[in-house]
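S.K.: If you want the building blocks of each chain, they are given just below.
There are 2 protein chains.
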Amino acid sequence: MPEASSRNSINAKYKTRLAIPPHFQQTTPAKITKLSRTPRSLAAFCFQEISFSYTLLEARLEQADLLKKVVDAIKDLVQDCNFDCNDSGVALQAMDNSHVALVSMMLKAESFSPYRCDRNVALGVNLTSLTKVLRAAQNEDILTLKAEDAPDVLNLVFESSASDRLSEYDLKLMDIDQEHLGIPDTEYAATISMPSTEFKRICMDLMALSESVSIEASKDGVKFTCAGDIGNGAVTLRSHSNVDKPDLDVDIELTEPVSLTFSLKYLVNFCKAAGLSKSVKLCLSNEVPLLVEYALAGSSYLRFYLAPKIGDEE
Amino acid sequence: MPEASSRNSINAKYKTRLAIPPHFQQTTPAKITKLSRTPRSLAAFCFQEISFSYTLLEARLEQADLLKKVVDAIKDLVQDCNFDCNDSGVALQAMDNSHVALVSMMLKAESFSPYRCDRNVALGVNLTSLTKVLRAAQNEDILTLKAEDAPDVLNLVFESSASDRLSEYDLKLMDIDQEHLGIPDTEYAATISMPSTEFKRICMDLMALSESVSIEASKDGVKFTCAGDIGNGAVTLRSHSNVDKPDLDVDIELTEPVSLTFSLKYLVNFCKAAGLSKSVKLCLSNEVPLLVEYALAGSSYLRFYLAPKIGDEE
DNA sequence: TGTTCCACAC
DNA sequence: GTGTGGAACA
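Protein chains in written order, with my numbering: chain A, 329 to 642; chain B, 329 to 642.
These are calculated hints, taken from the structure and not from any lab test. Wrong hints could be hidden among the right ones.
Identical chains blur together in the list; that is why a pair holds if it fits in one copy or across any two.
Said to hold, decoys possible - Okay, derived cross-link-like pairs now, EDC-like style, lysine to aspartate or glutamate, Cα gap no bigger than 16 Å in a straight line:
hint : residue 1 : residue 2
1    : Lys573    : Glu476
2    : Lys551    : Glu487
3    : Lys551    : Glu496
4    : Lys573    : Asp492
5    : Lys528    : Asp412
6    : Lys609    : Glu581
7    : Lys396    : Asp533
8    : Lys460    : Asp579
9    : Lys528    : Glu539
10   : Lys528    : Glu615
11   : Lys460    : Asp557
12   : Lys460    : Glu539
13   : Lys460    : Asp498
Take these sequences, add in the hints, and give me the full structure.
M.R.: This is the structure:
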């Protein structure tokens, strides 16, 4: 039966140890089909009006940078996925191949300068290809995303106000038959906010010793521990607020003590998003996936979920 | 017949599509012969008078850097070629193996601090070997090129005034029976000046999508477009002058609109020369090779010619 | 694969 | 001016 085989396809390293939480089960494996439609020809010469046919989606981002960083942070976890656009914004949700981690991005309409999306549309994108296109944007460029009705391409326009340069790319889309996973709104037993660079540093440091880390939150603080062949490591943080540097605050809210173990490989991967936000929020409850959240401007966010390792291995 | 076979030796990818302009046809294929003469021994110990025999050529370059960068930029296109020296300076002209691209370098006498060349002499050099020798020069070293009458070696002296170090190398020469190609002085339909880094960036960006780029110059601006499997790309520049940053100027001079297609692989290769000059000049006419020129100090230059792809493929 | 250098962004 | 990221070279 296909569900079981999809479970068993998990990366050998994790096969025996990782709990696949039931909230993340897809009912059907994602199907990916290249669109057979031929690509629409490049839009008319620049500096003329480009949208000569009906534009369903038009979303202008002041800093191309933002999308660049978001895609960079998730492209190693997910190869192909839908950008689900509707009038409230652009959402992306996808599990990684091993079904251990889940990415959930929400770019709210208010994060764009003008935002318009007349109808729900799912834009199936290969993230490697998108990365190639986004590399062509200068960080300070203004990025506009456009799609037509029943689109076969995503149109990306980079404007560099400074140097009178205008770049336009059409990225071919694909049909991705992807379930939108319902992620339950969980009340977490522990919620930790800390500087995103500090979380990154801890993950990188412990990665040098071990493949997994235990995160233990108690009223005294939060403790990251790991054990490996060359030695053991432990980093403890206490709640701490810094009046003049609130970026450096560490805040721990706790209803009950929690202790869970996670793969460091995934956490280090999530930390690629550190450039998107000064602070990161970790939410934990026993038996439930860890939530790692980077808040973006305008109540947009980039969230990663990671299934805990079970069996309390060292 | 040898001419035909040399034409057919063109890289399979380009065989059918690339125009080999008649101006670039060599009458005979280049013949390369290693000199059998034994190399002259290293000159007497440093800080003594080095030129103990009659020196035909003596050319002192304030910055070894310049020659280093020039050779770096062409060594992947051309393996062996003559440095043709006469009293007006040092010239190099060679086609790449596929006869699609041509390099033409001119280092005018005035680019050297003292320059002396008593008689025309062709110094046949293997550019890979020259690169190895030039790597021994610090970028700020003063470089002096010397050759004797009927030379079998090119003598390179690096002086680092700062640290009182003096290095001397003798590079073995070879006889290269190479036609000097007459490049007609063309009036181009379009001449575009732009920052060399920007041209490099555009070529690299489009390279991510396709193997070839169309360059389209019109009175509205210049447009670089490409089409590939993952999508299409277009970058448009308009004439633009920047009072305080003239390096960033984009200047387009046009007598008639032009549209030509070129191999990005070669253009990217040319862009290695970007470090030689802040700005680059592109000259285009229909049916004629593109000229990419990097102007150097003292009206010296490094020019690349590239045959257009014909057949207007997408 | 790791290191070094260069260009861009802040 | 400094710091970071990408590309070239060993």
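S.K.: Go through the numbered hints given earlier and state which of them the structure violates, listing their numbers in rising order.
M.R.: 1, 5, 8 and 10
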